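Residues per chain are reported as follows:
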Amino acid sequence: MIKYLATNDEKCVGCLTCAAVCSKLYFKEDNPAKSSIQVNDVAGGVYHLVVCDQKCVACVRECPTRAISRAKSGAIVIDRKKCVGCLACVAACPIGAMRWFPDGSVPFKCIACGACARACPKAALEIVTKEVAE
Amino acid sequence: MSLAMNELVKIAEWRYVKKPLSRGYNMRTLAIDIGGRPGASPEPVSGAVAAAGRAARGSSAAFLEKAVSAEMRQKFVGGKGFGLKLLWDGTTPTTSWDDPENEIIIATGPICGNTNYPGSGKSLVVSLSPMTGVPIDSNVGGYFGPFLKFSGFDALELTGKSERDLIVFINGDEGCVQIFESPEGLESDTHILADRLTHAFAASESEADLAAISVVSAGRGAEHSLLGLLNFSLYDRRRGGCRVKQAGRGGIGTVFRDKGLKALVCRYSTLAQDDNHAADPAAVQRLGLKLHREILHEDDKQSKMRRAGTAHLMEIMNDYDLLPVENHRFGQDPRGPQLASWVWEKLFSQGLPDGCWYGCTLACAHAVDKFELKTGPYAGQKVCVDGPEYETAAGVGSNIGVWDPEGILEINFYCDTYGIDTISVGTIASFLMECWEYGILNEARTGGVKLEWGNWRAVCELMHQIAEGRGFGMLAGRGTRYLASYMVSQYGADPRLMKDIALHGKGLEQSQYIAKESLAQQGGYYLTNKGPQHDEAWLIFMDMVNNQLPTFEKKAEALHYFPMFRTWFGLQGLCKLPWNDIEPADNAKWPEPNKVPEHVDNYRQLYTAITGEPLSWPELIRQSERVYNFQRVFNLRVGHGRRVDDYPPYRAMGPVTEKEYLSRADRYDKQLREKMNLDPASMTLAEKIAAQRSYREAQYESLVDAVYKRRGWTSDGIPTLERLIEIGMDLPEVLDLVRAHPTP
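Just so you know, the sequences run in chain order A and B.
Read in order, the letters of the first sequence are residues 5 to 138 in our numbering.
Read in order, the letters of the second sequence are residues 1060 to 1803 in our numbering.
It should be emphasised that the hints constitute simulated quantities derived from the structure, not laboratory data.
On a predicted model such as this, the values are computed, not experimentally measured, just so you know.
Each hint should be verified, as a subset may be incorrect.
To be verified - Pairwise CB distance ranges, derived in the manner of DEER restraints:
#1 B:E1264 to A:K32: 36 to 42 angstroms
#2 B:R1663 to A:A37: 25 to 31 angstroms
#3 A:G100 to B:K1360: 18 to 24 angstroms
#4 A:S73 to B:D1148: 57 to 63 angstroms
#5 A:G118 to B:Q1409: 54 to 60 angstroms
#6 B:G1787 to A:A37: 43 to 49 angstroms
#7 B:S1774 to A:G100: 36 to 42 angstroms
#8 A:V132 to B:E1264: 48 to 54 angstroms
#9 A:A37 to B:K1433: 32 to 38 angstroms
#10 A:D13 to B:V1076: 56 to 62 angstroms
#11 B:Q1133 to A:A37: 37 to 43 angstroms
#12 A:V136 to B:E1404: 28 to 34 angstroms
Said to hold, decoys possible - Using 30 angstroms as the maximum straight-line C-alpha spacing, the simulated DSS-like pairs for lysine-lysine come out as follows:
#13 B:K1349 to A:K86
#14 B:K1718 to B:K1558
#15 A:K85 to B:K1078
#16 A:K86 to B:K1077
#17 B:K1441 to B:K1509
#18 B:K1405 to A:K59
#19 B:K1360 to B:K1134
#20 A:K76 to A:K38
#21 A:K28 to B:K1349
#22 A:K126 to A:K85
#23 B:K1509 to A:K86
#24 B:K1363 to A:K59
#25 B:K1768 to B:K1134
#26 B:K1349 to A:K38
#27 A:K85 to A:K134
#28 A:K85 to B:K1558
#29 B:K1349 to A:K32
#30 B:K1078 to B:K1360
#31 B:K1363 to A:K86
#32 A:K85 to B:K1077
#33 A:K86 to A:K7
#34 A:K59 to B:K1360
#35 A:K86 to B:K1078
#36 B:K1349 to A:K59
#37 A:K86 to B:K1768
Glycine included, C-beta positions come from ideal geometry on N, C-alpha and C.
Hey, can you work out the whole structure from these sequences and the hints?
Have a look at this one:
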């Protein structure tokens, strides 16, 4: 089973509520650089939401310590105790959804917790669960 | 059979105070005298030798924590610099490799152990070489070096000699060093020993605890030959077993076993991103991330290191007539594609992060899994074979006429587990096979081993003999230099031919590139401190493939710059492959792209990010010059290090035999006309070979003059006092030694 955050760019108005909720929940500060979901302004008023699709597992393959794996919840998660902060996963992620900020020793990513989806005023985000053979 | 800790008898213990590193340094080293020198053991200064352990078993082992002085750090930086300095201080001009006071030093460097920048897990192993008699340094991956560093020491210095086999355990978690007697019957062969000790010393059988152990071991081959190497283990989490990387060159494994060292074990369980306590950890991460991205984006378009490792060179070398074939007689063979990278790519397990330290996305440490052995004590078993890398695939492949990858893998596996250097084995075997072709050797003389070109089973037989300490293998294990003189004295071989085809310098076998048409590479191999290897200078690609060294001056300049630049990796605990086996996409637009300027700038920044000290490009070279010149003077101290020590055998310079000349007659005839102004049509074959020889030998002499001058050495190859003072290698004992050796 996989669980992921489905995004709908057309509904996004760029209010950054999702980023604020995410960064406050996990880093105790309102800072888009510390949010697992990124709201990219691609052209005036048009937004592109970037977040892990929990499917591609490029980061899982690249991790030298096997710190990244699929949790029972269905999301790809990082075991901070196993992680040595090499950031190979950040480079390997094809869409830039594996995140890192300076002085944060380990990377971070969306674990499909749904907090942002619940807060989004435009219903641009939704948690989806799917059965997938791996 | 597993090994339990309670089967190990502890004979000594020492505790030390753990302190965090500061900016890449511990500023202390650990000396362990394992005994055997009554009255010569260093006095312990901090902590205390466990008297009970010593008294009970009569061990004279002693432990000494040494502070790294500001001067030592400034002049020697770390890594091989520290190794050479400690070796100099611990030995005398007459110390032999098998004297108890000879040392094995495993040293890290300030950059070593960071988990971000690819290629940062190397340690440098230094000792007086049994093959050359001069200091050797060997650059090795695996986890031991970084674990040692984070356990509290910038270097480990091992001296003494024990009659009983010992296992030294550095417990970096608890700040404790213990010495155990190796139990009777414990296997020596690395693929078993490393596994046994990993499980025995791990805190639990969990993956994380197993991965917190690294073992250094040699093997049975190191007990009976001069070619012994050290295997540094890493626990491969995906394969669920130990793998090993080799400190291969110069016979350090032989010294290890001669000392009675069975294994070193280090445990360090708490590895984290900034254990170096870098001045600017985020900058270390940024630089690493930048290179990760470059590698993941470019590697498939460039060297394919992530798929085939250094074996990607096989077809390139064959295409350019540079792949060693039959003891370096030829550089090309129509069967070359049978050993090409695409063959290895299929054999290597793909898609695994095969780095030899964390954070190396270049990931070239590939392996062939479930390889079924066909010979020797493990015949029929399926094993994991580490490699082969280019040097092995060429050395025990094309160079001995083996075009079957399975033969190469078999030799590769046994070399590793017996603890023997594949490069030396390849060059020794090719020499013996050429002697066989000329009738100097036969079955009666080899005890039935048919050393015909391509007979990889015969080479395996030699290795099994070395492991078991019997037969012709024992002779082979003495090395090419010894064998060449043996063929003359015992079998009446032509001394000149033997000298010409025995591919060694200073007693060390040459590594696996054809140097005949590249004067720069001849210098790269033979104008070296430790013998002909590819660590100090690897100019073959630049000279022969990219034609970047067209003039004499450029060759001399390259033979100054590149050995110095490459030495720097050995000071820092770095691998040099991520320097130029991956290049920025726009590398060609910069001046001197062969130096990969953006990567040099990465290294400067990385050094500053960790140590907090600025480093200019010239100062980077200067750091190396100090150590490089120190090593040259060290050679002088032990009776070498002069011009006479820097000559190649002629096989590395030009065609020795008629067969070689005729195989490339058009090229050689053209050279006679264009470079020597001779008319080949009016010359006999013997005259043509002789003319080539005198021309090439004269060219080499001119190269030596130019390189020595550029390096600031006398015409006899000794660093001048002025040069040593200018670069800051002005220690009184160094200057005194040079003063005592005036150039005639």
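Going through the hints against the structure:
1. Our hint of 36 to 42 angstroms for B:E1264 and A:K32 holds, since their Cβ atoms are close to 38 angstroms apart.
2. Between B:R1663 and A:A37 the CB atoms are about 27 angstroms apart, so this pair conforms to the stated range of 25 to 31 angstroms.
3. Distance hint check: the CB atoms of A:G100 and B:K1360 are about 21 angstroms apart, consistent with the given range 18 to 24 angstroms.
4. In this structure, A:S73 and B:D1148 break the distance hint of 57 to 63 angstroms, their C-beta atoms being roughly 49 angstroms apart.
5. As the Cβ distance of A:G118 to B:Q1409 is approximately 36 angstroms, the hint placing it in 54 to 60 angstroms is violated.
6. About 44 angstroms separates the C-beta atoms of B:G1787 and A:A37, a value consistent with the hinted range of 43 to 49 angstroms.
7. The beta-carbon spacing between B:S1774 and A:G100, approximately 59 angstroms, falls outside the hinted interval of 36 to 42 angstroms.
8. Checked against the hint of 48 to 54 angstroms, the C-beta distance between A:V132 and B:E1264 comes to roughly 39 angstroms, which is inconsistent with it.
9. One distance hint, 32 to 38 angstroms for the beta-carbon pair A:A37 and B:K1433, is violated here, with the actual separation near 57 angstroms.
10. Roughly 58 angstroms separates the CB atoms of A:D13 and B:V1076, a value that falls within the hinted 56 to 62 angstroms.
11. In this structure, B:Q1133 and A:A37 meet the distance hint of 37 to 43 angstroms, their C-beta atoms being roughly 39 angstroms apart.
12. The hint said 28 to 34 angstroms for the Cβ distance between A:V136 and B:E1404, and at roughly 30 angstroms that hint holds.
13. Distance check on the hinted pair: B:K1349 and A:K86 sit about 23 angstroms apart at the alpha-carbon level, within 30 angstroms; holds.
14. Pair hint B:K1718 plus B:K1558 holds up; C-alpha atoms about 18 angstroms apart against a cutoff of 30 angstroms.
15. Restraint check: the Cα-Cα separation between A:K85 and B:K1078 comes to about 22 angstroms, which is no more than 30 angstroms; the hinted pair holds.
16. Under the criterion of a C-alpha separation no larger than 30 angstroms, the hint pairing A:K86 with B:K1077 is consistent with the structure, at around 22 angstroms.
17. At most 30 angstroms may separate the alpha-carbon atoms for a hinted pair to count; B:K1441 and B:K1509 meet this at roughly 26 angstroms.
18. At most 30 angstroms may separate the alpha-carbon atoms for a hinted pair to count; B:K1405 and A:K59 meet this at roughly 27 angstroms.
19. For the suggested pair B:K1360 and B:K1134, the alpha carbons sit about 40 angstroms apart, so the restraint of at most 30 angstroms is broken.
20. Taking the CA atoms of A:K76 and A:K38, the gap is about 25 angstroms. The hint holds against a cut of 30 angstroms.
21. Restraint check for A:K28 and B:K1349: satisfied, since their Cα atoms lie roughly 28 angstroms apart, inside the 30 angstroms limit.
22. Among the hinted pairs, A:K126 with A:K85 is inconsistent with the structure: their alpha-carbon atoms are about 37 angstroms apart, more than 30 angstroms.
23. Note on B:K1509 and A:K86: the hinted pairing is violated, with a Cα-Cα distance of about 52 angstroms set against a maximum of 30 angstroms.
24. Only pairs whose Cα atoms come within 30 angstroms are accepted, and B:K1363 paired with A:K59 is accepted, the gap being roughly 26 angstroms.
25. Distance check on the hinted pair: B:K1768 and B:K1134 sit about 23 angstroms apart at the alpha-carbon level, within 30 angstroms; holds.
26. The suggested pairing of B:K1349 with A:K38 holds, with an alpha-carbon distance near 20 angstroms, which does not exceed 30 angstroms.
27. Of the pairs offered as hints, the one joining A:K85 and A:K134 holds, with about 28 angstroms between alpha carbons and a cut-off of 30 angstroms not exceeded.
28. Of the supplied pair hints, the one linking A:K85 and B:K1558 is violated, its CA atoms being roughly 58 angstroms apart against a limit of 30 angstroms.
29. Between B:K1349 and A:K32 the CA atoms are separated by roughly 28 angstroms; this keeps the pair inside 30 angstroms, and the hint holds.
30. Using a Cα cut-off of 30 angstroms, the hinted pair B:K1078 and B:K1360 is violated, with the two alpha carbons roughly 45 angstroms apart.
31. Proposed proximity of B:K1363 and A:K86 is supported: the alpha carbons are some 28 angstroms apart, at most 30 angstroms.
32. For the suggested pair A:K85 and B:K1077, the alpha carbons sit about 21 angstroms apart, so the restraint of at most 30 angstroms is met.
33. A C-alpha spacing of about 23 angstroms is found between A:K86 and A:K7, which places the hinted pair at or below 30 angstroms, so the restraint holds.
34. A hinted pair counts as satisfied when its Cα atoms are at most 30 angstroms apart, and A:K59 with B:K1360 qualifies at roughly 26 angstroms.
35. The suggested pairing of A:K86 with B:K1078 holds, with an alpha-carbon distance near 23 angstroms, which does not exceed 30 angstroms.
36. Pair hint B:K1349 plus A:K59 holds up; C-alpha atoms about 25 angstroms apart against a cutoff of 30 angstroms.
37. About 53 angstroms separates the Cα atoms of A:K86 and B:K1768, which puts this hinted pair outside 30 angstroms; it is violated.
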